[in-house]
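2 protein chains.
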Amino acid sequence: MKASQFLISTLKEAPSDAEVVSHQLMMRGGFIKRLSAGIYNYMPMGLRVIRKIEAIIREEMVAAGAVELLMPVVQPAELWQESGRFQKYGPELLRLKDRHQRDFVIQPTSEEVITDIARQELRSYRALPKNFFHIQTKFRDERRPRFGVMRGREFTMKDAYSFDRDVEAAGRSYQQMFDAYTRIFGRMGLTFRAVAADNGSIGGVRSHEFQVIADTGEDAIVYCPTSGYAANIEMAEALAPTAPRAAPAADLVKTPTPGRSTCEDVAAFLGVPLHSTVKSIVLATDALDAAGAPVGTTIWLLLLRGDHSLNEIKVGKLEGLQGGFRFATSAEIEATFGCKPGYLGPIGIPPSVRIVADRSVAPMSDFVCGANDADFHYTGANWGRDVAEPTLVADIRNVVAGDPSPDVAGPLAMQRGIEVGHVFLLGTFYSQKMNATFLDEAGKPQLMQMGCYGIGVTRLLGAAIEQNHDERGMIWPRALAPFEVVICPIGFDRSDAVKSAATTLHDELAAAGIDVILDDRGERPGAMFADWELIGVPLRIVISDRGLRDGLVEVQGRRDAAATSQPAPNVAAFVKAALAA
Amino acid sequence: MKASQFLISTLKEAPSDAEVVSHQLMMRGGFIKRLSAGIYNYMPMGLRVIRKIEAIIREEMVAAGAVELLMPVVQPAELWQESGRFQKYGPELLRLKDRHQRDFVIQPTSEEVITDIARQELRSYRALPKNFFHIQTKFRDERRPRFGVMRGREFTMKDAYSFDRDVEAAGRSYQQMFDAYTRIFGRMGLTFRAVAADNGSIGGVRSHEFQVIADTGEDAIVYCPTSGYAANIEMAEALAPTAPRAAPAADLVKTPTPGRSTCEDVAAFLGVPLHSTVKSIVLATDALDAAGAPVGTTIWLLLLRGDHSLNEIKVGKLEGLQGGFRFATSAEIEATFGCKPGYLGPIGIPPSVRIVADRSVAPMSDFVCGANDADFHYTGANWGRDVAEPTLVADIRNVVAGDPSPDVAGPLAMQRGIEVGHVFLLGTFYSQKMNATFLDEAGKPQLMQMGCYGIGVTRLLGAAIEQNHDERGMIWPRALAPFEVVICPIGFDRSDAVKSAATTLHDELAAAGIDVILDDRGERPGAMFADWELIGVPLRIVISDRGLRDGLVEVQGRRDAAATSQPAPNVAAFVKAALAA
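Protein chains in written order, with the numbering used here: chain C, 44 to 624; chain V, 44 to 624.
Bound conformation, chain C alone (with noise of 0.2 Å):
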């Protein structure tokens, strides 16, 4: 490729709603141009990286027994209304009516329009088991897009379906995706971390996330270096401290703080130990009648140790706050506890209040919360003692580096990552909802086992780009770069020598299947130079005539400090040597 035939388009400066690095880059790289909120067109060089990685997940997914059709983008409502998710759905979804007023969505996934051509054409337990992937446009109408390409809009998406038998077969299902995902990620040169997932409101049977590991992204994950554990931070377990609690040493006493609203200013404020404070939190539940009114509300008091967080995930999971629960309101609070917020705590409260201790609250003794009083708090508090002991006690924080490993193997680490891909074994969510069986050897009607596979193939070009760039631009593995080398030649248009070496260089790499772009616009080397490293392909060769009559080139690598001079005959084979490292 010659860059006069292509389109090379870079700025000096991002736009100023460019809130991320990875936005900034191929906002100043060209590879993308934004055409309203959240929607953006690729631009060539953008899209040659989406051909890279949507031409290796076609391959390992092929490899991996799928099937690829293509679904429309517009689905009638029909079959969402069947799933309940044009009810459920928030307005992410987007709808349309068409001409004759009839309902349609676009597409975020495509659930229910694979369950309908499944339930049609796997009637058979012959037929199974059976995996379909598409990929194509999809839309989510973020109510605030952002991070370009990584909280798009309009966006890209590979989603594959599995259609099993039985649990045992879904799970093998499952598995095969799970590995065609670690080649895939592999294959494109990125770090990452499978980790398990939430299974969120589906209620399906497993889910893992695949992270692009990042320390700007949005995502904290903890893993184990000793057995490899992995996980989402909404889903990673906080076991209970083995330590048996200790005897009562100090005596309650109701101590003024005033002013000191949170743990970290009480316990700087009595020179105590952060964990050694609890936290108070207060939810609320509505009880509701039959036609949808709240009947009732009751009060839940969750305690945390001051130094931890809570997980509303988990908090999500407990006996009477599946159903949905709410911060509760100023006005509920002081009704309840008698005191406003910052001064709350377990001691003296109405027998009403639904306490939840976390597990690491649970085995405190001597312990600060508040008095329920403004501008104080009760020190040397024990449970048994100065308050009944929590009846429920359970995991409802985030952990924390250090924590001991769910697997017990050792302590968690923390990193960032940027979810690419999602792996998930639904069970019989939308099979049952739909009616989607197959008929086994018995001829009886069977409900599909299935699990749904998505990778964001747009927003795979921001994580690798927050995972590899410095301050002069991106830094692309070979696998997923717009270009793999780009010949740079000083003064193009001025030197015969140089044209024609370069003329040559570029024939020989591009029938050697390298992907090669030669820089014949004529830019002064400054220029020529900051764009390619801005744009940030893996390998750049200089030539020039001083370097000619030397019989040299020169070749960089993107992440190398200096150039190496090559002899020019060998430069070819140099780079394929280079390249395959």
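One thing to keep in mind: the hints can contain errors.
Any copy will do: because identical chains look the same in the list, a pair fits if it lies in one copy or spans two.
Derived pair list, reagent style DSS-like, types lysine-lysine, alpha-carbon separation capped at 30 Å [claimed, not checked]:
1. K95 x K487
2. K45 x K487
3. K76 x K487
4. K55 x K487
5. K487 x K140
6. K76 x K476
7. K76 x K131
8. K131 x K45
9. K55 x K542
10. K76 x K140
11. K45 x K542
12. K297 x K95
13. K76 x K383
14. K383 x K131
No wet-lab data here; the hints were simulated from the structure.
Please arrange chain V on chain C, whose structure you already have, making use of the hints.
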């Protein structure tokens, strides 16, 4: 590929709503599956054809210097308001609102978005010429979707857009696309014809349709076998007859023609040739005031030879009719002519009626026409003697086979075709409305000259089948076939020899880069053969125990009347040669 790892899903009967053979065969062959009116799932078999179509298009577009990008499916209304298409496009344009009640459209084409890109990216004459293309999902909310993928609502289209500095350069870009299209459809193995087409309301400079020839095609096309002239019938000029008008020989006679209101009936009743009769067609144009309210109506009488048909496109280009016209109502006709339709003619009508005589009507003498009196016609009518010479003579009819070619090279022939591509020199229609300019050498802004170039990717499936099928099913050209070769083993599950020979041959052909499928489903031969004849794979190889005993396998082309036996060891070489032929 093995059939067991794919999805083969054939039907004995096509669904009743499948009107045309391509739709019937695609449904029966499991190429597509209906999701909603005009919205289809592309099943694995159909998608393979689409991918082959896309690959050929992509290769030839890049070879012709076009650069691929990807523009969004969901596009903001603002750009469409700028071009005026948001207001002017009918209900075929699918409009929607996002969660913030902002207007969007689902793209039917992308002129606005690409012009927006061009005006930002192509700022200097040095950046021109440039040609961008994408292959993307389109939506057109057809009032009555039909013919399967041929007139669907959601479809895939390749659309390219060229930007040039002047008309001459734009003409070169147009020719490059014309040539690329010729290669594309040629490589697909289709019989096609590029025909000159009307430029429509955009008033572009030049336009050709690429028509796949098929008896079932919706479009009538004409061509001159001698010169190669070819045009859409809307476009093809009917030359004026060269023979001078004969002198009047008959008297004007008002003749009873009871109940004969068509030229055919009148000619038969009177015993005269149809081409000696004149057909009267009454149109109306409405003058509007500034607010768009009708303030006056002009009645037009169009005169055609009885054996000719009206060409509304040509009529719409006449002075006074360019602003739009309609057929007059019965009430308007009776008020003007004092006679009901069926007996109208030019003699003795109010001078306010504007007469347009077709070029073939002007030289007629002694003709038959309506007498403006129910159940009466005139015979022996003559221009100049019985009615004033027509002041407006124009080409307003469709050409018919045998008419002289507009390039005066011989008689025209007619064919029917399916439009699969369109190249269109737009001029400055969009660049003017959207102010897409570049700076010329003098630093002066100039409007870009644009062209647009479409190929209906999914429609090509239907067109290829309409052209290539028989009573047993589809007959795919090799370049588009979902598989090039199918291996049909007889008794795959019973005979180890058959299984082994079939598998070995499959692996050998696959290794040679041939797109082969092994039917390992264990179907009975009759059902298996019927499936593959329906699916239309070019070459079938049958492997049986009986054949193997003689060291032979059977090879049969899809169009061959019978199979030939080939020595088993030679079959791979034979297949390669047969496919290359």
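Verification of the supplied hints:
Proximity of K95 and K487 under a CA criterion of 30 Å is satisfied in neither setting, with 45 Å inside one chain copy and 40 Å between copies. In this assembly of identical chains, K45 and K487 lie within 30 Å of each other by CA distance solely across copies; the values are 28 Å between and 62 Å within a copy. In this homomeric assembly, K76 and K487 come within 30 Å of each other (Cα to Cα) only across copies, at 26 Å, whereas the closest approach inside a single copy is 54 Å. Taking the closest pair of Cα atoms, K55 and K487 come within 30 Å of each other only across two copies (25 Å); inside a single copy the shortest separation is 66 Å, beyond that limit.
Taking CA atoms no more than 30 Å apart as the test, K487 paired with K140 passes in neither setting, with 39 Å inside one copy and 46 Å between copies. For the identical chains of this complex, K76 and K476 are inter-copy neighbours only, at 21 Å across copies versus 41 Å inside a copy, given an alpha-carbon limit of 30 Å. For the homomeric pair K76 and K131, the shortest alpha-carbon distance between copies (27 Å) is at most 30 Å, but the shortest distance inside one copy (33 Å) is not. Taking the shortest alpha-carbon separations for K131 and K45, neither the intra-copy value of 51 Å nor the inter-copy value of 41 Å comes in at or below 30 Å.
In this homomeric assembly, K55 and K542 come within 30 Å of each other (Cα to Cα) only inside a single copy, at 28 Å, whereas the closest approach across copies is 63 Å. In this assembly of identical chains, the alpha carbons of K76 and K140 lie at most 30 Å apart whether taken from the same copy (29 Å) or from different copies (22 Å). With identical chains, the CA atoms of K45 and K542 are at most 30 Å apart within one copy only, with a shortest distance of 12 Å there and 50 Å across copies. Neither within a single protomer nor between protomers do K297 and K95 lie at most 30 Å apart by alpha-carbon distance, with minima of 66 Å and 79 Å respectively.
For the homomeric pair K76 and K383, neither the shortest alpha-carbon distance inside one copy (50 Å) nor that between copies (62 Å) is at most 30 Å. When the C-alpha separation of K383 and K131 is checked against a cutoff of 30 Å, the pair qualifies neither within a copy, at 36 Å, nor between copies, at 61 Å.
When held up to the earlier numbered hints, the structure conflicts with 1, 5, 8, 12, 13 and 14 and fits the remainder.
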